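Q: The lines below spell out each chain.
There are 2 protein chains.
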Amino acid sequence: MGKNNSELLFPADHALKLYEQVIHYVTVRIDRGDWQADTKLPSVRSLAQELGVHRLTVFRAYQELKQRGLVYVKDKSGYYVHASPATGHAKYAGYSGHSSIDLTFHSESAHAADDPSVSAWRGMDGLSRVQSVNANFQFSKALIDPSLLPNRYWGELMMQVFEKHPKVAATYSSVQGDSELRDAMAQHFSVDKHFALSPDEVLITSGAQQAIDLISRSLIRTGDRVLTERPAYGPAMEIFRRQGARLTMTDIRPEGYDMEQIEWCMKTEKPRVFYINPTFHNPTGFTVPDEQRKRLPELAERYGCLIVEDDSTYDISFGQKPPLPIFAYDISGSVVYIRSYSKYVAPGLRIAAVTCRPQLMNSLLNVKALVDNGSPLLNQKLFLQYFQSPRMQQHLKKLCIALQIRKETMEDSLRDSGWTWTSPAGGLSLWLQLPSTLKPNELLAKCVQESVTFVPGNVFDPIGEEGETHVRLSYSYANELQIKEGIATLLRISRTM
Amino acid sequence: MGKNNSELLFPADHALKLYEQVIHYVTVRIDRGDWQADTKLPSVRSLAQELGVHRLTVFRAYQELKQRGLVYVKDKSGYYVHASPATGHAKYAGYSGHSSIDLTFHSESAHAADDPSVSAWRGMDGLSRVQSVNANFQFSKALIDPSLLPNRYWGELMMQVFEKHPKVAATYSSVQGDSELRDAMAQHFSVDKHFALSPDEVLITSGAQQAIDLISRSLIRTGDRVLTERPAYGPAMEIFRRQGARLTMTDIRPEGYDMEQIEWCMKTEKPRVFYINPTFHNPTGFTVPDEQRKRLPELAERYGCLIVEDDSTYDISFGQKPPLPIFAYDISGSVVYIRSYSKYVAPGLRIAAVTCRPQLMNSLLNVKALVDNGSPLLNQKLFLQYFQSPRMQQHLKKLCIALQIRKETMEDSLRDSGWTWTSPAGGLSLWLQLPSTLKPNELLAKCVQESVTFVPGNVFDPIGEEGETHVRLSYSYANELQIKEGIATLLRISRTM
Numbered sequence: 001m002g003k004n005n006s007e008l009l010f011p012a013d014h015a016l017k018l019y020e021q022v023i024h025y026v027t028v029r030i031d032r033g034d035w036q037a038d039t040k041l042p043s044v045r046s047l048a049q050e051l052g053v054h055r056l057t058v059f060r061a062y063q064e065l066k067q068r069g070l071v072y073v074k075d076k077s078g079y080y081v082h083a084s085p086a087t088g089h090a091k092y093a094g095y096s097g098h099s100s101i102d103l104t105f106h107s108e109s110a111h112a113a114d115d116p117s118v119s120a121w122r123g124m125d126g127l128s129r130v131q132s133v134n135a136n137f138q139f140s141k142a143l144i145d146p147s148l149l150p151n152r153y154w155g156e157l158m159m160q161v162f163e164k165h166p167k168v169a170a171t172y173s174s175v176q177g178d179s180e181l182r183d184a185m186a187q188h189f190s191v192d193k194h195f196a197l198s199p200d201e202v203l204i205t206s207g208a209q210q211a212i213d214l215i216s217r218s219l220i221r222t223g224d225r226v227l228t229e230r231p232a233y234g235p236a237m238e239i240f241r242r243q244g245a246r247l248t249m250t251d252i253r254p255e256g257y258d259m260e261q262i263e264w265c266m267k268t269e270k271p272r273v274f275y276i277n278p279t280f281h282n283p284t285g286f287t288v289p290d291e292q293r294k295r296l297p298e299l300a301e302r303y304g305c306l307i308v309e310d311d312s313t314y315d316i317s318f319g320q321k322p323p324l325p326i327f328a329y330d331i332s333g334s335v336v337y338i339r340s341y342s343k344y345v346a347p348g349l350r351i352a353a354v355t356c357r358p359q360l361m362n363s364l365l366n367v368k369a370l371v372d373n374g375s376p377l378l379n380q381k382l383f384l385q386y387f388q389s390p391r392m393q394q395h396l397k398k399l400c401i402a403l404q405i406r407k408e409t410m411e412d413s414l415r416d417s418g419w420t421w422t423s424p425a426g427g428l429s430l431w432l433q434l435p436s437t438l439k440p441n442e443l444l445a446k447c448v449q450e451s452v453t454f455v456p457g458n459v460f461d462p463i464g465e466e467g468e469t470h471v472r473l474s475y476s477y478a479n480e481l482q483i484k485e486g487i488a489t490l491l492r493i494s495r496t497m
Numbered sequence: 001m002g003k004n005n006s007e008l009l010f011p012a013d014h015a016l017k018l019y020e021q022v023i024h025y026v027t028v029r030i031d032r033g034d035w036q037a038d039t040k041l042p043s044v045r046s047l048a049q050e051l052g053v054h055r056l057t058v059f060r061a062y063q064e065l066k067q068r069g070l071v072y073v074k075d076k077s078g079y080y081v082h083a084s085p086a087t088g089h090a091k092y093a094g095y096s097g098h099s100s101i102d103l104t105f106h107s108e109s110a111h112a113a114d115d116p117s118v119s120a121w122r123g124m125d126g127l128s129r130v131q132s133v134n135a136n137f138q139f140s141k142a143l144i145d146p147s148l149l150p151n152r153y154w155g156e157l158m159m160q161v162f163e164k165h166p167k168v169a170a171t172y173s174s175v176q177g178d179s180e181l182r183d184a185m186a187q188h189f190s191v192d193k194h195f196a197l198s199p200d201e202v203l204i205t206s207g208a209q210q211a212i213d214l215i216s217r218s219l220i221r222t223g224d225r226v227l228t229e230r231p232a233y234g235p236a237m238e239i240f241r242r243q244g245a246r247l248t249m250t251d252i253r254p255e256g257y258d259m260e261q262i263e264w265c266m267k268t269e270k271p272r273v274f275y276i277n278p279t280f281h282n283p284t285g286f287t288v289p290d291e292q293r294k295r296l297p298e299l300a301e302r303y304g305c306l307i308v309e310d311d312s313t314y315d316i317s318f319g320q321k322p323p324l325p326i327f328a329y330d331i332s333g334s335v336v337y338i339r340s341y342s343k344y345v346a347p348g349l350r351i352a353a354v355t356c357r358p359q360l361m362n363s364l365l366n367v368k369a370l371v372d373n374g375s376p377l378l379n380q381k382l383f384l385q386y387f388q389s390p391r392m393q394q395h396l397k398k399l400c401i402a403l404q405i406r407k408e409t410m411e412d413s414l415r416d417s418g419w420t421w422t423s424p425a426g427g428l429s430l431w432l433q434l435p436s437t438l439k440p441n442e443l444l445a446k447c448v449q450e451s452v453t454f455v456p457g458n459v460f461d462p463i464g465e466e467g468e469t470h471v472r473l474s475y476s477y478a479n480e481l482q483i484k485e486g487i488a489t490l491l492r493i494s495r496t497m
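Top to bottom, those sequences are chains S and P. Numbering (the numbering used here) for the first sequence: 1 to 497. Numbering (the numbering used here) for the second sequence: 1 to 497.
Check each hint, because a few of them may be wrong.
No copy labels: a pair is met if it fits in one copy or bridges any two.
As a list, the in silico BS3-like pairs of lysine-lysine whose alpha-carbon atoms are at most 30 Å apart [as the list claims (entries may be wrong)]: (1) K167 x K398; (2) K397 x K167; (3) K167 x K484; (4) K164 x K397; (5) K40 x K164; (6) K294 x K164; (7) K193 x K397; (8) K270 x K167; (9) K321 x K270; (10) K398 x K321.
In case anyone wonders, no lab produced these hints; they're calculated from the structure. Please read all numbers here as calculations on a predicted model, not as lab measurements.
Please model the entire structure based on the sequences and the hints provided.
A: Below, the structure is given as C-alpha cells:
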C-alpha cells in the first residue's frame with residue numbers, strides 16, 4: 001500500500017458510493033462495539049457477498065480502514081479490529097475514499113492523560129528526550145548548526161544599537177513590536193513576497209512557536225476542529241490539542257495536497273483553522289505547488305476557515321526560489337503568515353514575524369498583551385540592525401550553499417541503504433521510508449547507544465502508517481564529517497536488525 | 001459604609017448565625033427569581049418580623065448584600081434587587097459576614113463578550129488606552145522612568161557576553177533557562193531570601209506576566225476557582241479568566257488579609273490558586289505582615305491550594321526591608337514565587353524568575369516548551385552579567401532613594417487635597433480615596449484633556465465599592481517637576497467638579 005493508496009482508492013462515482021457504504025458499515029460496527037478490539041473482520045469475499053458489492057470495493061475499504069488505523073492485518077490471515085490508540089479515536093470522518101483521519105483530542109479539562117490518542121502525541125516528550133541526548137551524530141534536531149550562523153558581528157551591531165537607542169534596555173516594546181522593525185518587515189514582505197502590507201499588519205513574536213500559540217488561543221475553542229497536514233509538526237498539534245481542538249489530518253505528498261479532500265473537509269467539518277507548512281514541509285520536505293497556493297485562500301474564504309501558513313524555512317532553498325507564500329494570494333484576510341527568523345539567523349534572539357489583516361491582528365494583540373505584554377525590545381532592535389545590513393542576504397546565500405552540501409552528503413551516504421525518500425528542494429531534513437522489517441523506534445533505541453539520533457515518524461504521524469515506517473533525519477545540525485560517520489553507523493546498525 | 005464595614009458586620013456567634021440565615025434567605029429568593037431585578041425587598045422591619053430576628057440583623061444583612069452588589073438602595077425608599085452586572089454573577093458565596101465576592105467568569109468558549117461581569121474586567125482595554133495616552137503628566141504607568149534605570153553599561157556588558165559566549169546569538173536557551181543564570185538566581189534567593197533552592201527549582205520567563213500565564217495554563221481548568229485580593233492586578237485576573245476560572249476576591253487592607261475569611265474560602269470553595277501580591281501590593285501599596293506570611297503556606301497545604309506569590313516590587317522599599325517572602329516559609333511545595341527583574345532593572349530584556357518545587361516545575365516546563373520553547377538566551381546572559389556585578393546592588397539603592405523622593409513629592413503635592421491614602425513603604429503607586437462627590441472616570445476624562453493620566457479604581461476592583469471611589473497614581477514614571485505640576489493640575493480640575 002503506502003503512498004499511492006489514495007489514487008487507487010479514488011474510484012469512479014458509483015463505485016465510490018458503494019465503497020463509502022462499506023466503510024460506513026464497518027465503522028459503525030466497530031463504533032457500536034459489535035466488532036470488538038482484536039476480533040477478526042469478515043473476509044473480503046464474505047462481506048462482499050453480504051453487502052452485494054464487488055470484492056475489490058471491500059478490499060479497498062479495508063485498506064482505507066487500515067490506513068486510518070481502525071483495523072490491522074495479522075499474518076496475512078485477515079483484518080482485525082484495532083485496539084488502541086486508534087479505536088474510538090480515529091473515528092470515521094465520513095469522507096469518501098480519502099485518508100482523512102479524525103483524531104479526537106480533548107482539552108486538558110477532559111483529563112487528556114487518559115486518552116490514548118493523546119499519549120501518542122505525548123511522543124512529544126519522546127522528541128524532547130531524543131533531542132536532548134548529547135549525541136555525536138545529531139540528526140534529530142531540525143536546527144541549524146550554530147557554526148553556520150552569523151556570530152561575529154553581533155557585538156558590533158549591539159554597540160550600534162546602544163548608540164542609536166541609549167535607553168533600549170530600559171524600555172518596553174509595544175505589544176505589537178518595535179515600529180521600526182515592523183516597518184522594515186512590512187517593506188521586505190511587500191517587495192520580496194508581494195504581500196502588500198502595512199506595518200500595522202505585522203506582529204513581532206518570540207519565535208514561531210509563540211505565534212502558533214497566540215493564534216490558537218485567539219481562535220480555537222474547545223471542540224473546534226483544526227485541519228492539518230499528515231504528517232505534521234508535533235508541537236503545533238500539541239498547542240492546538242491543549243486548546244481543546246479536535247484534529248483532522250490531510251495528506252501532504254510530493255505533488256502537494258489533495259485539494260478535493262481539503263474542500264470536502266472544509267465543507268463538512270468546518271475546521272476553524274488549517275495549519276500548514278507548505279514550503280519545504282517539516283518533516284517531509286515537500287513543497288505545495290503554485291496552483292494549489294492560489295486556490296487555497298479561495299477555499300478558506302468560501303468555508304470560513306483561517307489558513308495558518310507556517311513558513312519557517314522558506315529562505316532555505318537549494319535551487320530556484322519556491323513559489324510565493326499563500327499569503328500573497330489572499331485577498332480576503334483568510335491567511336495568517338508566520339515567518340521565523342530565529343531559526344536561520346539568530347536562535348538566541350527569538351524573533352518571528354506574523355502578518356495578518358486587522359481583525360485577526362486585534363485579537364492576536366489582546367492575547368499577546370496577556371501572555372508577555374510584548375517581546376523584548378533589545379532583541380528586536382538588534383535583529384533589525386542585522387536585517388537591514390547587507391550581511392543578511394550574504395548570510396542567507398552562504399547558509400543555503402552549506403546546507404545543500406550537507407544534504408547531498410547525507411543523501412550520498414544513504415545511497416545504498418535501500419531506504420527511499422523524495423529529495424527535498426530546501427529545508428533541513430530528509431523524510432525516509434525504511435524497509436518494512438525495520439521498526440523506527442527499535443532502530444532509534446540501538447542508535448542512541450552508539451550516539452546517533454533521529455526522530456521516528458510516529459512523532460509526526462501518531463497513528464498513521466507512515467509513522468511506523470518513516471524517520472526524519474536532519475542534515476542541518478551535524479557537519480559533513482559527522483554526517484558521513486553517523487549515517488555509516490546508522491546503516492551498520494540497521495543491517496544487524 | 002466602606003472600609004469599616006466588615007468589622008461592623010462581624011457580630012457575635014449567635015447573631016452571626018441569624019445574620020447568615022437572612023443573607024441566605026434573600027440570596028435564594030433572588031437566585032430562584034422569586035424576587036426579580038429592580039423589585040423592592042421587604043422592609044427591614046417586616047422581614048425581621050417574618051424571620052423572627054432583630055431588625056439590626058436584617059439591616060446588616062441588607063448592607064452586606066448591597067456591598068456584594070446584589071441589592072441597591074433607591075432614594076432612601078428601600079432596598080431593590082440589582083439587575084446586572086451583579087445579579088447572577090456576584091452570587092452569594094455563602095461566607096458569613098465578610099465581603100467575599102464571587103465573580104463568575106466564563107471561559108472564552110462561553111462567549112465572554114456577552115457576560116457583563118467580564119466586560120467590567122474589559123476595563124483592561126481602558127487601562128491600555130489610558131496608558132497609551134502620550135501625557136505630559138503620566139501617573140497611570142506603574143513603570144519606572146527609564147532615566148532611573150541602568151543605561152550606560154549595557155554595551156560594555158554585552159561585549160563581555162560575546163567574549164565569553166561567541167555563539168550566544170546562534171544558540172537556543174534550554175526551556176527552563178540558562179543554567180548559569182539559574183545557578184546565580186538560586187544562590188541569590190537562598191542567601192538573600194532564605195529560600196533553600198536548587199537551580200532546578202528556578203525557571204526563567206519572559207517577564208512576570210508570562211509566569212502568571214504559565215501557572216494559569218498549568219493549573220487552571222474551566223470552572224476552577226481562583227482566589228485573589230481585592231483590589232487586584234487586572235491583567236492577572238484577565239489571564240485566569242481566559243483560562244476559564246471563576247474568581248473569588250478577599251480584601252487586602254493596610255494590616256493585611258482577613259485570615260479567617262481566607263481559611264473559610266479555601267475550605268468551602270476549594271480554590272485551586274490564591275494569587276497574591278503581598279509586598280507593596282499593586283495598587284494599594286499594602287504589605288502583608290510576617291505572621292500572616294507564616295500561616296498562609298500552612299493553610300494552602302491543608303486545603304490543597306497553591307499560593308502564587310507575585311513579588312514584582314519587593315526590592316523597591318523605602319524603609320526597612322519588608323518581611324521575607326511567603327515562599328521562604330513554605331515547606332510543602334504550596335507556594336510558587338514570581339520575581340520580575342525586568343521592571344526595575346531592564347524592561348527591554350524581559351527577564352523574570354519563577355521558583356517552585358519539582359512537581360509544579362515539571363508542569364510549567366511542559367507549558368513553557370509549548371508557548372515559546374525557552375526565553376532568548378542573549379537576554380539571559382546579558383542580565384546575568386549585570387546581576388553578578390556590584391552595579392546591581394548600587395543601582396537598587398539609588399533607585400529606592402529616587403523613588404522615595406518622588407513618592408514624597410507626590411504626597412506633599414496632595415497634602416491639601418482632602419483625599420485619603422495609606423502611605424506605602426515601598427512600590428510604585430499611591431492608592432487614593434476620593435471624596436464621594438468625585439467620580440474617578442469623570443475626573444480622568446477631564447484630566448486626559450490636560451495631559452494628566454491615572455488609573456481609575458474600577459480597573460482593579462470592577463464591581464466593588466472601592467473601584468468607584470479610588471484612583472491609583474503612580475509616582476515612578478514622572479519626575480519630580482512633572483509630579484508637582486501634574487498633581488496641581490489634577491487638583492485644580494477636581495475642584496471644578
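Q: Each of the hints needs a verdict: does it hold here or not?
A: Hint-by-hint comparison with the structure:
1. K167 x K398: Answer is between; shortest inter-copy Cα gap is 18 Å, intra-copy 34 Å.
2. K397 x K167: Between copies, since 20 Å is at most 30 Å while 34 Å is not.
3. K167 x K484: between (49 Å within a copy, 25 Å between copies)
4. K164 x K397: both (29 Å within a copy, 28 Å between copies)
5. K40 x K164: neither (73 Å within a copy, 65 Å between copies)
6. K294 x K164: neither (42 Å within a copy, 49 Å between copies)
7. K193 x K397: within (17 Å within a copy, 51 Å between copies)
8. K270 x K167: neither (49 Å within a copy, 46 Å between copies)
9. K321 x K270: neither (33 Å within a copy, 58 Å between copies)
10. K398 x K321: Close inside one copy (15 Å), not across copies (56 Å); limit 30 Å.
Checked against the numbered hints above, the structure breaks hints 5, 6, 8 and 9 and satisfies the rest.
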